[in-house]
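Student: Protein sequence lines correspond, in order, to chains A, B and C.
Here the numbering used here is used: position 15 in the first sequence is 15, and no number is missing along the way.
Add 1000 to a position in the second sequence, counting from 1, and you land on the number used in the numbering used here.
Add 2000 to a position in the third sequence, counting from 1, and you land on the number used in the numbering used here.
FYI, nobody ran anything at the bench for these hints, they're computed from the structure.
One or more of the hints may lead you astray.
In silico DSSO-like cross-links for lysine-lysine, where the CA-CA straight-line distance does not exceed 27 angstroms [claimed, not checked]:
1) A:Lys315 to A:Lys790
2) A:Lys445 to B:Lys1029
3) B:Lys1049 to A:Lys448
4) A:Lys599 to A:Lys637
5) A:Lys63 to B:Lys1005
6) C:Lys2002 to B:Lys1005
7) A:Lys438 to A:Lys426
8) C:Lys2145 to A:Lys681
9) A:Lys796 to B:Lys1245
10) B:Lys1023 to C:Lys2002
11) C:Lys2145 to A:Lys426
12) A:Lys681 to A:Lys637
13) A:Lys16 to C:Lys2002
14) A:Lys81 to A:Lys209
15) C:Lys2002 to A:Lys63
16) A:Lys587 to C:Lys2002
17) C:Lys2002 to B:Lys1086
18) B:Lys1245 to A:Lys793
19) C:Lys2145 to B:Lys1029
20) A:Lys274 to B:Lys1245
21) A:Lys63 to B:Lys1049
22) B:Lys1049 to C:Lys2145
23) A:Lys305 to A:Lys385
24) A:Lys274 to C:Lys2002
Chain by chain, the residues run as shown.
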Amino acid sequence: MMNLDEIFVTRNWVGKSVRRDEDIRLIKGEAAYVDDLDMDCAHVAFLRSVYAHARITKIDTSKAEALPGVIAVVTGPEVAKQTKPIVARAITQPAIQYVMADKKVRYVGEPLVAVAAVDRYIAEDALELIDVEYEPLPVVVEIADALKKDSPLIFEEAGSNVLLHDTLEHGNMDAAYQEADLVVKEHFRVHRYSSTPLETWAMIAKHEKGNDSFVVWANDQQPGRSTANVCNTLGIPNNRFRLIVPDSGGGFGIKLAIWPHIVILCLLAKKVDKPVKWVQTRREHLLGGSHAPDCDVEIELPMKKDGKILGLFIKDIENDGSFVHTAGIYGLIKFATMVGCYDIRATRAELLSVVTQKGPTVQNRGVGKPTMIFVLERMMDIAAKKLGLDPVEIRFRNFIQPKQMPYTTPSGEIYESGNYPECLQKALSLSGYDELKKRQIEMRKNGKYIGLGISAGIEPGTSNLGYYYTSRGVPEYMGNAEGAIVSIDYDGNVNVVMGSVDQGQGHATTISQVIADMLDIHPERVSVDSHLDSLVSPFLGHSGAYSNKFNDVDLGAVIMATKKVRDKMVRIASHVLGVETGGLQVKNGAVCSRKDEQKSVSFQEIASLAYKKILLLPEGVEPGLKEIAYYKNPMAKLPSRDDFNVQITHSNSVHVVAVEVDVETGEITFLKYVIVHDCGKQLNPGIVEGMTIGSTVHGIGAALLEEFVYDENGQPLSASFMDYMKPLAGGLPRIELAHMESPCPYTLLGTKAVGEGGAIGSVAAVANAVEDALSPFQVKVVSLPITPQKVVKAVKETKEI
Amino acid sequence: MIPSKFEYFAPASLAEAVSLLSKYQEEAKPLAGGQSLISLLKLRLASLKYLVDLAGIAELNYIREEGAGPSGTISIGALTTYAQIKESKLLQSKCPLLPQTASVVGDVQVRNRGTLGGSLAHADPAGDMPAAILALKAELKAVGPQGERWIQADDFFLGMMETALSPDEILSEIRVPVLPDHKMIYRKAARRPSDFAMVGIALCLKARDDQTCEEISIGVTGVTDKPYRAEETEKRLRGKKLEPKIIEEAASAITEGVDVMENMHASQDFRSHLARVYVSRAIAAAGIRS
Amino acid sequence: MKVPVEITVNGTRHRSEVEPRLLLVHYLRDVLDLTGTHVGCETGLCGACTILLDGEAVKSCMMLAVQANVRAVETVEGLSVEGELDAVQRGFWEEHGLQCGFCTPGMLLSAHDLLRRSPQPTEEEIQRAIHGNLCRCTGYQTIVKAIQNAGDKMRAGKPSAASSSPSTRGRR
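Please put together the full structure from these sequences, using the hints given.
Tutor: Now the structure itself:
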């Protein structure tokens, strides 16, 4: 943490729930999402595979091309000839996949043919005229199918459906097993789900015939990476591709890998004399718009009888579906903080990424941490039960203590600060835990089953994406960094351009608060463009919105650029006022003498010199007041197998939940939901609260409702919001939120991760509460989601959800 | 997610609508609120050449009482929306089952557009209104080229989205009896509040002060390919005292003779179980005299 | 074959010739260029396309444009008067009732439908009233507060409580 006095000249805005600047245009319906951009476009529709696995024997598009209004058509085989395969990152086996299906299809929904027509109505009409012949192949749907010796191969060149198999061990696991009084083991199955933002993927591509270049407007969440991937896949120089990201209707990770479709749109745009637009249908989104993988996790805790955990083993098998780009990532990031909030000195993680005929996967909110915390926090309850300990007590006995901070996990991740025991204590008292326990006993007498669930979770931030390459060797991308440009305009107002993008997180408001306090001006004088234009925005190879990195490196870049501008203004003021820079201060939108505030020059006057009266500038000062800064968190280091320090900040939270389970109908009703959350310094508590609650509801949906279900032929059964059930306003708890504040010593403002935490902690807490409610029936929760059907069946017969 | 092309008609009278349907037969379909049909058209699951929009026919939207006393009835025009039914004071006081059921159909937007006639003619196997119509033993008026005819609710639902209406007939009116001494209840099991029923139970029950069941009718939805009357369960309760054991025994017959549906949300077993639980709870709730 | 329609949108009467299969949401977005009404699911399950038809909330992706013939449509663009946020919009702004904003126009119009029928709704009534509107960002809690806030404002008869007009200086 920097000395805040070096950053701020006032403390008027940071830390306050300032209303969001972004909201006005959104509330008035004046936002400009991709589909709203006023352009004369051709519209694209995709014909997609109806088989999960099949060889393509014929594609005949002649009838479609003859339909009046159809402008251009591209097929998978044509695209494969013109592009390089999709780049893989984490997997070690070779697997060749193109942005469209080439010789065979590997999942239902894989793009086969793209049609551009004068409007979307005709584009869809044309799809019905395309003749595709398939030769169906045997399918591989579930992890167990993929692992069978004689399993059909999805990528023949890989020689296996396991594309990554690695074991990472830190500390002495063998000793942990030897010293243990017992080993608690369990096997969990976590389902497939996804954030499914309300706005689907959308993009417009335009080909500039003059210089054979492309301009693309897309709701891309990681434009830095996409720019590189599109150029590489198309085989074009970087300066022939310009990416613009306008307003985006939610991301949550799901828009991190839309670039393969940008490639397709570019190829279509080349054939058409005007821009081509594609807005993904919801069905397309649910089929192939990326999911969090389902997974199988075996877990073992060697323990002492007093509840002390000596080691942690997981065997984590991810069903990464059929997208080589992201395959393998989940296991690796899960592993980075696998010990959660606990002082466990030895870990072993055996990680497998398998391909199947399910849809593509991508980094979904919390990337693997919701699952890791689910299995770990379930294990705490299961171990407690085995040892006759209270679930609260076993957590207290294993927590990392505040005096151990900064704490280095066996694998090398550094937890910078936090007070986990106090966080739990606070959550217990806020929820009236003891009262609820009493009520539980009372209600059971009347045949009512209420249960209490606790989870303690870690929410890391600012991921060093170099970890993707852990099993392959040297990373192609690494570092925890971002860029920003800050300028003072003619009027003395501030303009900010980011290297990152916003999908609803309120970046612009937060940035304007920070700059307002750095320059002592009203935030209304700060205009932030949180959109991106690759021609002007200061982006890096991994720039984008991911891993809760905003209030670390994104803000870091803003602060550094603002300081540069401020220093320059002070230097100019010094010349104008004839006062040494050391004798000057920034106050109320001006630079003035510390001794005599009457000696003052406003930002506007300084800007006038910098832009217009250039010859009056002091010697050696460049004209203009625009500064660029790239900020790398100084703690970042190259991740390696031995020192797997991937993330910089670590927020933590405790969720306490009370539910009532109707054992006849399987219905689950919330009685209480309390979160105590520690994300270090809060810059805008309203924004933090909004994201934390929204994120929590997301996890509740994952725990109880949402699931991508496939039948044995690999046909997706959750292809609309009818069957892919997101939470509605009813049936949710009223979430009570309280905060602690353990500032992060490694970020400029003491901030930590915000955004994913709710989704990480809630899944486990809800599952623990349900199991507790059903304890009179000896039901164990080892899978998700917890549906009414599973509850009733478990109570009546199987004793297992 | 775009409908195929079709030709559109907006007749101003029922007669005109019937003549269009009789001209185009299977190639045409009447459109009411469109909350089911538009969806099918967009998915291109239903394709048709001619769409006959009934919205312009003013004579199909009303709720009115006919006759008075125990033999009285209430007539409801087929284009009356769920929202109108939910908010109708007349129905709330004289046939509360309909407003109660309508209030849990879909969401506000669906209830503002969707119509009673549309729901019944569409005959979704998990629709809510059909269960209520069965429990009320309503009569349905169909108007076709040969004039009008009345169909008993019990005879109306034939199978998966299949009714007794012929392609050139339009359901124009639903007539329900006024049942002053009956308890009426609709109970629905759904994953989320606005979802289709995994099981829906509509119940009309007349019980004496001593809890003896005098008359009962039960409409069931969501369980099989069409909504149905739970006749065996009714039979086991008629004339009996509404005691837990009797109710349980009667509830166990709720899916008797029925081929129970199965999908990702509910297996056959679970659905049958839910039907038993929900009918028991509905009866228990209705059997207690207030 | 195109058919003539006459639809009043936000108080302005529009005459157009449309294909019968044209969805109302596309009529609003593509023909009238009113892009505040969004498409989130196409199957009538997310409510992002909610508008008011003769004052009642309906999903414009579940309707044909021809079905709105000679009727009155209100969209999000018609809510603010002379640039001033109306009570519901203001409630959403004050209570942080949105994040990405994609569901917001539909939420605003569902809120209008509710507050017209029930000026002082309970928390549960509000939840029921927005069952047809999905939001992934907020978890609904602040949306419920926003609608309560709007109800309070409307009952107090001050559609725009504050005198200062919020700026729209944020760049689009």
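Student: Going through the numbered hints above, which ones does this structure break? Give me the numbers in ascending order.
Tutor: Hint check: 2, 3, 4, 13, 16, 17, 19, 20, 22 fail, others pass.
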